[in-house]
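These are the residues of each chain, in order.
There are 2 protein chains.
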Amino acid sequence: MDKPRIAVDCMGGDYAPEEIVKGCLLASKEFDLILYLVGQQERIENILGKNYDKDRLQIVHAEDVVGMGEPPSNVLKKKKSSLYVAGLLLRENLADGLVSAGNTGAVLTVGKFLVGALEGIERPAIGVALPNPKGRTVLIDVGANVDCKPKHLLQFAIIGHTYAKEILGIQNPRVGILSIGEEEGKGNELVRESYILLKKSKLNFLGNAEGRDIYAGTFDVIVCDGFVGNVILKASESLGMAVLQMIKEEVQKSLLAKIGALLMKPALNNFKKKADFAEYGGIPLLGAKKPVIITHGRANAKAIKNAIRVASEFYLQHFNERLTEELRNLSPKEVKI
Amino acid sequence: MDKPRIAVDCMGGDYAPEEIVKGCLLASKEFDLILYLVGQQERIENILGKNYDKDRLQIVHAEDVVGMGEPPSNVLKKKKSSLYVAGLLLRENLADGLVSAGNTGAVLTVGKFLVGALEGIERPAIGVALPNPKGRTVLIDVGANVDCKPKHLLQFAIIGHTYAKEILGIQNPRVGILSIGEEEGKGNELVRESYILLKKSKLNFLGNAEGRDIYAGTFDVIVCDGFVGNVILKASESLGMAVLQMIKEEVQKSLLAKIGALLMKPALNNFKKKADFAEYGGIPLLGAKKPVIITHGRANAKAIKNAIRVASEFYLQHFNERLTEELRNLSPKEVKI
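As they're listed, the protein sequences go chains U and V.
Just so we're aligned: the first sequence equals residues 1 to 337 in my numbering.
Just so we're aligned: the second sequence equals residues 1 to 337 in my numbering.
Some hints here could point you the wrong way.
When chains are identical, the list treats them as one kind, so a pair holds in a single copy or across two.
DMTMM-like mimics (lysine to aspartate or glutamate), calculated; alpha carbons at most 20 angstroms apart, straight line [as the list claims (entries may be wrong)]:
{"#": "1", "residue 1": "K258", "residue 2": "E92"}
{"#": "2", "residue 1": "K273", "residue 2": "E249"}
{"#": "3", "residue 1": "K302", "residue 2": "E42"}
{"#": "4", "residue 1": "K248", "residue 2": "E18"}
{"#": "5", "residue 1": "K149", "residue 2": "E189"}
Simulated from the structure, these hints should not be mistaken for lab results.
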């Protein structure tokens with residue numbers, strides 16, 4: 001099998017281009033792949049130094065940059081921006097995946113409109129593998145699409161199923177639709193209609209999942225509209241931070257507690273590593289013609305390296321080929337691809 | 001001012017009637033109010049014993065019970081159930097508030113359809129005061145209504161504003177609408193349309209809030225559809241539990257960490273007390289003709305006592321009168337009450 005070819009947007013992110021390019025260097029040492037470093041050639045060269053492997057690290061010059069605060073749609077007009085050029089590499093089949101720490105909305109725009117959707121998918125979606133005490137649960141979509149229709153939620157479910165099966169190695173993933181009650185018929189109009197469609201599919205569909213199932217390990221894939229998924233994801237991050245800060249404040253009030261916290265630190269760090277899914281390789285836009293990995297804007301070299309690993313895994317596991325098969329196999333007859 | 005008269009559904013909840021009746025006894029000792037203990041007379045009397053204050057604790061017999069697993073709408077047919085009778089007391093203006101640890105859906109049904117909405121409110125909503133490092137943020141609605149319209153979200157905002165101002169004591173509460181981006185125009189159709197309405201109101205409307213704002217203390221009131229609010233609330237609870245369990249597992253791996261956890265315990269308990277908003281007095285359905293307080297099914301006597309306190313506070317603070325005024329003062333002209 002060919003080496004994965006990953007396009008990296010070197011100009012996007014709070015620490016671009018330094019940390020991005022350093023992440024490419026780390027990835028290139030650790031994994032067998034070809035990286036296209038897209039961005040301002042001179043700045044990238046300055047960070048790479050002279051002794052880098054020119055076969056495995058190839059600079060693709062792009063003079064323009066999409067700013068973190070710019071309206072996402074700008075990227076489609078900025079055709080000389082690193083992000084646009086990286087997207088072009090995917091569209092023209094010159095690369096197998098894209099990694100960017102840049103303007104999230106702009107990265108999504110490139111994935112959805114420049115790279116474009118895989119056949120059978122109308123709307124690519126973002127799936128995250130959220131941690132729980134028993135393993136991971138894929139929540140999809142967490143922000144690529146709002147005002148979805150039932151057929152979109154069905155497609156998200158099949159994308160999520162394929163993610164859980166091929167990437168997380170879960171056999172026969174248990175799929176649920178996020179609702180506000182266990183029984184069929186609970187939820188809003190979108191959920192009730194999507195439920196019918198999912199039930200007719202050949203997915204291992206367990207019915208409604210509730211908010212409490214997201215972190216409980218009771219489902220492997222939970223499907224929702226991107227609006228709902230996004231607010232849950234961001235609320236979760238903020239709850240985590242609020243809890244830590246509130247505990248810190250309580251701990252500060254007592255010397256014993258301070259000592260206790262010190263003794264617990266290694267255990268807490270282990271936990272943090274497990275929980276920090278975003279730093280741990282970014283989150284993928286799936287169902288596009290090639291996977292697009294979005295990392296935190298504040299991604300450092302290690303996070304970029306992990307995101308590159310994730311992008312290449314999708315390629316090496318033939319994710320899109322599997323997804324195309326699953327769309328054919330699992331869709332209910334009336335929406336057969 | 002008259003004493004608050006609170007109807008308590010003594011037959012609803014995992015530990016009914018024992019814990020519920022004991023909660024009434026606690027409340028009656030601590031607060032100056034009249035309690036209507038609704039349920040099976042004999043069982044309630046057995047728990048009360050002989051020496052209770054018959055002026056302040058009055059039993060209202062109701063022979064039937066709405067089960068925790070029953071379809072919520074059953075309650076409207078079970079006219080001799082404790083929950084229905086308690087609701088009747090509110091509708092007939094014989095009581096000023098209701099507390100129930102019973103079937104949540106059935107409690108909501110009673111609040112919405114038997115007690116009914118306050119004039120100017122089309123859909124009563126559930127507001128929760130979620131903790132954050134700086135104080136509390138009211139998230140509303142968290143499950144009473146799905147498929148809302150913009151005018152409903154406007155009403156939720158005014159209810160939430162009144163809650164924050166009159167009950168939490170926050171002057172000029174900062175109101176936001178939950179969306180997936182900061183700028184106007186971000187979000188789904190409902191959010192975009194509601195934004196316009198909220199902007200025209202006289203609320204202290206700050207614009208879009210994001211998921212991360214829920215636990216950050218950046219807003220005092222965040223408005224959302226009940227579907228979205230419910231999944232966030234339940235996901236938050238489950239995330240909290242998952243985090244504790246995952247930390248526990250890490251701690252178990254190391255003796256030092258175990259000692260550390262022991263030393264930190266009092267601080268952690270203080271934190272838990274702050275965070276446990278549900279145990280701390282239940283969550284109110286607001287915008288009904290009288291407030292209805294829903295507690296966890298597993299509420300114990302102390303939780304019931306706190307919920308009774310909350311119910312009487314709404315009465316003592318003239319919550320509904322203030323809400324009626326605010327509806328008049330804050331609504332934009334085109335939807336003036």
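For each hint, the structure was consulted:
With identical chains, the CA atoms of K258 and E92 are never at most 20 angstroms apart, being 56 angstroms at best within one copy and 55 angstroms at best between copies. Taking the closest pair of Cα atoms, K273 and E249 come within 20 angstroms of each other only across two copies (14 angstroms); inside a single copy the shortest separation is 22 angstroms, beyond that limit. For the identical chains of this complex, K302 and E42 are neighbours neither inside a copy (23 angstroms) nor across copies (68 angstroms), given an alpha-carbon limit of 20 angstroms. For the identical chains of this complex, K248 and E18 are neighbours neither inside a copy (33 angstroms) nor across copies (38 angstroms), given an alpha-carbon limit of 20 angstroms.
With identical chains, the CA atoms of K149 and E189 are at most 20 angstroms apart both within one copy (10 angstroms) and between copies (13 angstroms).
In summary, the numbered hints that this structure violates are 1, 3 and 4.
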